[in-house]
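Novice: Spelled out from the first residue to the last, the chains are:
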Amino acid sequence: MRYVVRRLGFFVVTLWAAVTLNFLIPRLMPGNAAVAMMAKYRGRVNPQALHALEIAFGVNNHQSLLAAYVAYLGNVLRGRFGTSLTFFPDAVTHEVLQALPWTLALIGITTILAFVLGTLVGLLSAWKRGGMLDSVMPPIFVITSAFPYFWIALLSIWLFAIKLGWLPQNGGYDYTTTVGWSWTFVGDALRHSILPALTILVTSIGAWILTMRNNTISVLSEDYVRMARAKGLKPWRVMWTYAGRNAILPNLTGFAMSLGFVVSGAILVEFVFNYPGVGWMFLQSVENQDYALMQGLFLMITVTVLLAILAADAATAILDPRTRDMR
Amino acid sequence: MTDAPVSVPTLAGAGPEGAAPPAARSRSGPGANLWRAIRHNRKAMVGIALLTIFIVVSIFPGQIAPDDPQAEIFDPGRGPSWHHLLGTTAYGQDIFSQLVWGTRLSVVIAFAVGGLATGLAVLVGVSAAYLGGLGDGILSLITDVILVIPIFPLIIVIAAYQKNAGLFTLIVVLGALGWSYGARQLRSQTLSMRTRDFLMAARVRGERKLYIIFFEILPTMTSLIVAAFLGGALYAVLTAAGLQFIGLGDPNSQSWGTMLYWAENNEALGAGMPLWAIAPGVCVALLGAAFALVNYAFDEISNPALRPVRRAKQRATR
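Quick mapping for you: the protein sequence lines, in order, are chains A and B.
The first sequence begins at 1 in the working numbering and counts up one residue at a time.
The second sequence begins at 1001 in the working numbering and counts up one residue at a time.
Please note that the accuracy of each hint is not assured.
What the simulated footprint calls covered on chain B by chain A, stretch by stretch (three residues with Cβ under 8 angstroms from a Cβ of chain A suffice, anywhere in the stretch; the number is not a length) [as the list claims (entries may be wrong)]: (1) 1120 to 1134; (2) 1243 to 1256; (3) 1271 to 1281; (4) 1293 to 1307.
Beta-carbon label-pair distances, calculated as ranges [stated by the list, open to error]: (5) A:Gly108 <-> B:Ile1055: 38 to 44 angstroms; (6) B:Tyr1211 <-> A:Lys128: 47 to 53 angstroms; (7) B:Gly1135 <-> A:Ser182: 55 to 61 angstroms.
For the record, the hints were derived by calculation from the structure and aren't laboratory data.
Ideal Cβ placement from N, Cα and C applies to all residues, glycine included.
Can you make the complete structure from the sequences, with help from the hints?
Specialist: Shown next, in the form of structure tokens:
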């Protein structure tokens, strides 16, 4: 129980750090980009929205830094991130919530799939030491894990969409279909998600395989594995419940740490495929100097990553009784 | 490295090398052990060879590339030929020359960020373990927070306010945010060593704390420090390329990421100039792979259990 509380505490602290960074960065940057942005939009959006942005970015107001900070924290807690200028007059929150399902479906499912598949392959290859899988695989995946996601995305578009014409080049769905829960739409969305999903899968799976393989190799020399074998347990049982269960623990911690890496790759994949998710919108907002939207999305991404890490922590607590008892 | 007169055990142990017998760990050039292990590891050799090539290219681009990378003086959109090994861009620049001149920035970023991140990792990790108590608590908390905050989006936010990230900003920001994983590992390694006999001995001898940290503790953590450096360098290469690719790098500088940015803006893949987009990507991937291979090889060297099975048997019989 103390473990869970500790992790929740850490979650809150990290969230607070991210919010504070979000508050400080625009104020610390030399030359106020926010002023330039507002000059650009003046006259095009209503003065009230601009005034709200002035407060958000600390332009033209004589509020003390502390008071501004308190006001900002209050707004964040109430889910108010201001107005998007690109999608005026929509609130940032509204835009973010529209993009979120796409990203969760694409990146969420792909990441979990890559983790599960990679862990399985890693376990199997370590179990059959010196086998086909074990001797061919490590060098290959060391190399693929160093590939830039966006470049694989470019290549897969070139090969499968342009050269072979098998799959759509970009977008999340065909814009002639109507968005909704119809078979045509869902099928179409799935077809559009194949290439981006494969890109993320291919580039991220290597890391999981390698760490799981290495963990398993270390675990296999432990006494409790030898003990299990000596007891005459079936090999698959030794593999799953003795070796696998223990080897996956560091992999779960690794999951938490590599998630940031996967997310950054995924942002670029969405960008390359024009996939209408959070990452694509994030880069759109950067391009349009829509700072309110950009910062709202940054927080959104951070919160999502943190929630995934909490989930990994929960899994660790379930699999490893030591975390429940100690600490 | 091989024949340095070693009065202090600089590279002694070079990580928990179980393979080295205690006698070999003493003063008879422990660097030689490390070097032999690297030479026998094919992944390490491939990685080092790749790195050497990139470093040489980055030092002498003028001798290798025939043309000015920026000059828009050739027929645009040509395929590969003898004059233009990889063809020309839509602006009439020589792609091969751009590639060669672009190497420097990636290599500089990789080594600068790797170095900066490693320095910070050592500083924070070792001091956290050594301070203990509240100091350790605070440093560890900072480490963990930086570890989980998604760094790439954060860098994009910073770059967006700066309009674009120049070389200096890029290195400082990447270095300042990329040390946490290494720091965490170094901290736990230092903690596990605090009660070892040789440190006790040093303390009893009355050595100063700084001496103990620099000459007793750090040398035993060479492999972790090298891993922190290589990991930092790999992450810097990929992140910088990503930033430049979305147009947040310096658009006038010559780099692989910027090449990809212009290639993507001109739809090079669809417009029959695939090499414009493929070549710089291959280079990013190869440089990244070089760091990853050396890193993985170091894992194998410091943990003999991970080595390929067949060679492990040969070793046992030798």
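Novice: Evaluate each hint against the coordinates.
Specialist: So, going through the hints one by one against the coordinates:
Under a criterion of three residues with beta carbons nearer than 8 angstroms to beta carbons of chain A, the stated coverage of the region 1120 to 1134 of chain B fails, only 0 such residues being counted. Coverage of a stretch by a chain is defined here by at least three residues with a beta carbon nearer than 8 angstroms to that chain's beta carbons; for the region 1243 to 1256 of chain B and chain A the count is 4, and the condition holds. For the region 1271 to 1281 of chain B, the stated coverage by chain A is satisfied: 4 residues place a CB nearer than 8 angstroms to a CB of that chain, which reaches the threshold of 3. Only when three residues or more bring their CB closer than 8 angstroms to a CB of chain A does the claim for the region 1293 to 1307 of chain B stand; here the count is 6, and the claim holds.
Taken as a hint, the range 38 to 44 angstroms holds for the pair Gly108 (chain A) and Ile1055 (chain B), whose Cβ atoms sit roughly 40 angstroms apart. Look at Tyr1211 (chain B) against Lys128 (chain A): about 48 angstroms separates their beta carbons, and that is inside 47 to 53 angstroms. The hinted range of 55 to 61 angstroms is satisfied by Gly1135 (chain B) and Ser182 (chain A), whose Cβ atoms lie roughly 60 angstroms apart.
Violated hint for the displayed structure: number 1, the only one.
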